[in-house]
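Starting from the structure of chain V, add chain U where the hints point.
Now for the letters of each chain:
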Amino acid sequence: MKVRYILPSFEVLRNESKCTACRLCERQCANGVHSFDPKRGAMVADDAKCVNCHRCVCVCPTGALKIAASNDAYRANANWSRDAVDEIYRQAQSGGVLLSSMGNPNTYPEFWNRLLINASQVTNPSIDPLREPMETRLRLGCRNVTIERDRNGRLKDTLPPQLELDVPVMFSAMSYGSVSYNVHAALAKAAERLGIFYNTGEGGLHRDFYKYGKNTIVQVASGRFGVFRDYLDAAAAIEIKMGQGAKPGIGGHLPAAKITADVAETRMIPEGSDAISPAPHHDIYSIEDLRQLVMSLKEATGYRKPVIVKVAAVHNIEAIASGVARSGADVIAIDGFRGGTGAAPTRIRDNVGIPVELALARVDERLREEGIRDNVSIVVGGSIRSSADVLKAVALGADACYIGTAALIALGCHLCRSCHTGICNWGIATQRPDLVKRLDPDEGAERLVNLITAWKHELEEMMGGMGINSIEALRGNRLMLRGIGMTDSELGLLGVKPAGESM
Amino acid sequence: MLKEGQYRNPSGCAVSAVIDRSGKPMSGRRMIDSIAVMHERSNGLGGGFAGYGIYPDHKEFYAFHLFFDDRAARKTTEEYILRHFEIAYSSEIQTRKLPTVTDEPIIWRYFLAPLPRKLADSHLDEREYVARCVNRINSGIDGAYVFSSGKNMGVFKGVGYPEDIGEFYRLDEYEGYCWTCHGRYPTNTPGWWGGAHPFGLLDFTIVHNGEISSYDANRRYIEMFGYKCTLRTDTEVITYIMDYLVRKRGLTLREAAKVIAPSFWTTIETKSEEEQREERFLRRAFPSLLITGPFSIIVGYDGGIMALNDRLKLRSAVCAEKGDLAFVASEESAIRRIEPDLDRVWAPAGGEAVVFELYGKEAAR
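Just so you know, the sequences run in chain order V and U. The first sequence runs 0 to 502 under numbering that gives the first Met the number 0. The second sequence runs 0 to 364 under numbering that gives the first Met the number 0.
Excised from the complex, chain V in its bound form (with noise of 0.2 Å):
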C-alpha cells in the first residue's frame, strides 16, 4: 500500500452551476491540475498538483474557479508548524536539498512597516505636486569631484561617468533563463519609456535586445556567462554580483532544461548544459581582488561607465561597503533577505542574511562616518513593495531602490513560489515557448510603466507633504521618518527616533 506523506496544500473548489466544462483551466494549467472526466461529464482537479499561480482563476470564462487553502490540519503544534513537517517528509523521500523560490516568506520582522513619515503643518508649507515642480530626478554614481577651472574661470565637469534615473527604482538583476525572454523585452521596453535601467542578470544579453543598452545594466557574475567586449561596450554600467540577498554565501544553477538553444547563445555555452555560477569569484578572494576586477572592467570600456557592485546584506555589511567604497565601485547595490530568487536552497533563504533595512543604515552612516559617503551612491532591494518603501529607503541614505518581485507582480506572477520548476503559468520563469507566449511584451512594459508612474506620483504627493522637492533633499533626511513599535537598539541602528518624540 502506498501512503501518501505529503497532503496537498490548497484545494481547487468549482462552483459546478457555473462551470461550463470548456477546458480553458485544463490548457492553461502547466502543472496538469485540471483534467475532463467523460464518464461524468466534467471537470476534475487533481489538488496535489496544484502550486496556487491563480492561472487557472485569473482566466475562468464563468469565473467558477477559486482555490482555498487546504483546511485538512495536522494535530496542532506551536512548534512544529506543518511545514516544518512536510519538509522532513520530503527530504526523508528525496535525500535532497530544500529548494525554493521568490523571496523569504517566514514571519521576521519587518522594519518599512515600522516606520512613519514625517508632513509639514503650520511651520512650514507642503508643496502641491500638482501645482509646483517636483523632482524625482537623480544619478547615480561617484560624486567625488575637484574644483577646476579653464582659463576663463569657468568650472570644469570633473565628475565621472553617472547613470541618470527619472525615478528613484530599477528594475534588478534577473537573467535571461531565469525568465523568459518576454519578460527581458517588457523590462527593456519600460526602462527605455521611463528614463531608468533594468539589469540583465547573469545570463548575458540577448542580441535583440542590444538595442535597449542605453537603459541596460549588465551583469558580470561568478559564472562570467555572456561576459564579451559587446556586452560591457552595449551597457549604461556593469554591475559585479558578489551576492544575492536571497542566497547570500553561494552560487546558482540554471538547471539545463532551461537551457535551450537561445539561452545557450545569449550565455555563451553548450546548449542543454547546467549552467553553474561558482558561490566565489574565482579570482576574487578578497577586497584587492574585487579594485582588480572594477579597475579592469573600467580600462577595457574607457572608463565610460560606472561600475556597481551588488552584494548581500550580511552581518559584516559595514565592513564591506567601506572597502567596496574604496574600490572604485561608482555604486553599491545592498540586497537584503527578504530578496526574490529563481531558486535557492530553502535554507540558506530563509536563514541567511539580514534585513536591508538595518544595512542599509548602517552602511550609510557607516560610508559618513568615514567620510566616503561621496564614493559611492547606494541602491538598496530585497523586498521593495511600494513607493512607501522607496520614501522611507531614500530618507534612510539609499539613492534608489531596486525591484525584482514587484516588477514580476505587475507583470502577472502570484508568488506560488515555484519559479524552480520551470513551467510558470504565467509565462515569466519558463523557457517553454508555449507558456512565454501567454506573457505580451508590449502589455508587460504597459503595465510596468504604470506601475512605476503610480509609484513616481506617490512618491511626488509624500514629498510634497514634506516641504520637499527634490528626492536629493530626502537622502539621508533621517529626521522626516519616525519608528514605531521598536526596541532602542532597532532605532539606535536605524539612526531614527521613536515615533512622539519632537525635533
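Derived from the structure by calculation, the hints contain no laboratory data. Only a predicted model underlies this, so the values are computations on that prediction, with no experimental measurement involved. Ideal Cβ placement from N, Cα and C applies to all residues, glycine included. Don't take every hint at face value.
To be verified - From the structure, some residues in chain V lie toward chain U, with a derived Cβ separation under 8 Å:
{"hint": "1", "residue": "Asn51"}
{"hint": "2", "residue": "Ala118"}
{"hint": "3", "residue": "Asn123"}
{"hint": "4", "residue": "Glu131"}
{"hint": "5", "residue": "Arg136"}
{"hint": "6", "residue": "Gly466"}
{"hint": "7", "residue": "Leu478"}
{"hint": "8", "residue": "Met479"}
Stated by the list, open to error - Pairwise CB distance ranges (calculated):
{"hint": "9", "chain 1": "U", "residue 1": "Asp32", "chain 2": "V", "residue 2": "Ala453", "range": "51 to 57 Å"}
{"hint": "10", "chain 1": "U", "residue 1": "Tyr79", "chain 2": "V", "residue 2": "Pro277", "range": "55 to 61 Å"}
{"hint": "11", "chain 1": "V", "residue 1": "Leu97", "chain 2": "U", "residue 2": "Thr269", "range": "35 to 41 Å"}
{"hint": "12", "chain 1": "V", "residue 1": "Asp232", "chain 2": "U", "residue 2": "Gly139", "range": "54 to 60 Å"}
{"hint": "13", "chain 1": "U", "residue 1": "Thr269", "chain 2": "V", "residue 2": "Arg228", "range": "37 to 43 Å"}
Quick look at chain U alone, frame taken from chain V:
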C-alpha cells in the same frame, strides 16, 4: 531646561540688511530702526545683528565675541586662548541695562592674532586654524561660547526682541559700512543666548527666515567634512554649507547659491549651453547640499552681502537700491522705514542670488 542644540528648534523670523557700497560707515541705529518695524515677525525669543567694518582700529585681528556662563568658564577659555593666540586687547562688551533684556550671560570681546609658532606647527591655513579653535571652545569648554570670530566685524545677539538687543549692545555707538539683523520667532522656548542669530563663522554670518525641510540630509552630509552641527538650527547648517562651498571648495558665492537653491532640471534645460554645463555640474556634484523648504537668507561677509530665496520663493525677500546704498529685508516696510525714497525696489525670484558688494570688490577677485 534643554539648551539649544539638544533639540531641533525651527523658527520663523524677520531679516534685514543694508550696505553702503562706497564703504562709508553708518551707525547701527539704522538697522535697529529697520528691524523694529517687523516687530510682529519676532516673538521676543531672539534677536541679533552683524556689523561689518566696525573695528577699523583692530582690523588685522580676529575679533572674538564670547558668552560665558560664569567666571570659571571665562578662566578656562582664556587659558585656552592664550595657548593659541596673542591677545591684542580684551574687555567686557559694554551694554545698556534694559528691563526687556534679562538673564544676560557675561559677554567679552577679544582681539586675537594666532601664535605664529603654533600656527606654523599646525600646518593649517590661518583661517582654518582660527575656525578650529572656535569649534574647540564651543564644543569643548562648558559654559563658554564664541559667537563672533571674524576680522573687522562683529555679531551682537541675545534673547529678546531684536530692537531691544540692539539697544542693549549700544549699537548706535558702532559704525560700519554694512549691517545685517535678525528677529526670531522660535517654535520652542530657548533661554540661551548662543541660540540667537546671526550665526557666524569667521567673517561669514547668516541670518535666515524659514524652516528648511532638507535639514537632516544637509546636516548628515556636511558633518562628513568635520563640521559639527551642535545647535541643530537651519542657520547653523546653512552657514557651514556656505563655508564649505566657498572657503573650502573655492566656489564663488553665486555658484554656491546654485548648489543650495538650484534651478529645476526642467528650467536648466531651457538655458544656454554654457549655463547648462555649469548648473548641471554643480547639481550633480553637490546634490546633498540642495536646500528645500522655505528660506530667505542674507549672507554677510567681508565686503558684501548676498540675498537668496529658496527656489519656490516660499519666503518673502525684497531688495532695494538708493545711490550707494543697497537693502534687503523680509518686508519692504523695513527698508522704507530707513530710506523712504528708493531708486529701485524689487523682489528677486526664487533661487536668484542677489549680491551687493563694495565697489571694486568684484574686480579685485
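Results for each hint:
1. Asn51: violated, 43 Å
2. Ala118: violated, 10 Å
3. Asn123: Holds. Min distance 4 Å.
4. Glu131: holds, 6 Å
5. Arg136: holds, 5 Å
6. Gly466: With Cβ-Cβ at 4 Å, under 8 Å, it holds.
7. Leu478: Constraint on Leu478 of chain V satisfied, holds at 4 Å.
8. Met479: Result: holds, 7 Å to nearest chain U Cβ.
9. U:Asp32 x V:Ala453: 51 to 57 Å: holds, 55 Å
10. U:Tyr79 x V:Pro277: 55 to 61 Å: holds, 60 Å
11. V:Leu97 x U:Thr269: 35 to 41 Å: violated, 59 Å
12. V:Asp232 x U:Gly139: 54 to 60 Å: Roughly 56 Å apart at Cβ, these two residues keep to the hinted range, so it holds.
13. U:Thr269 x V:Arg228: 37 to 43 Å: Taking Cβ atoms as reference, Thr269 of chain U and Arg228 of chain V lie about 39 Å apart, which means the hint holds.
Consistency note: the structure conflicts with the earlier hints numbered 1, 2 and 11.
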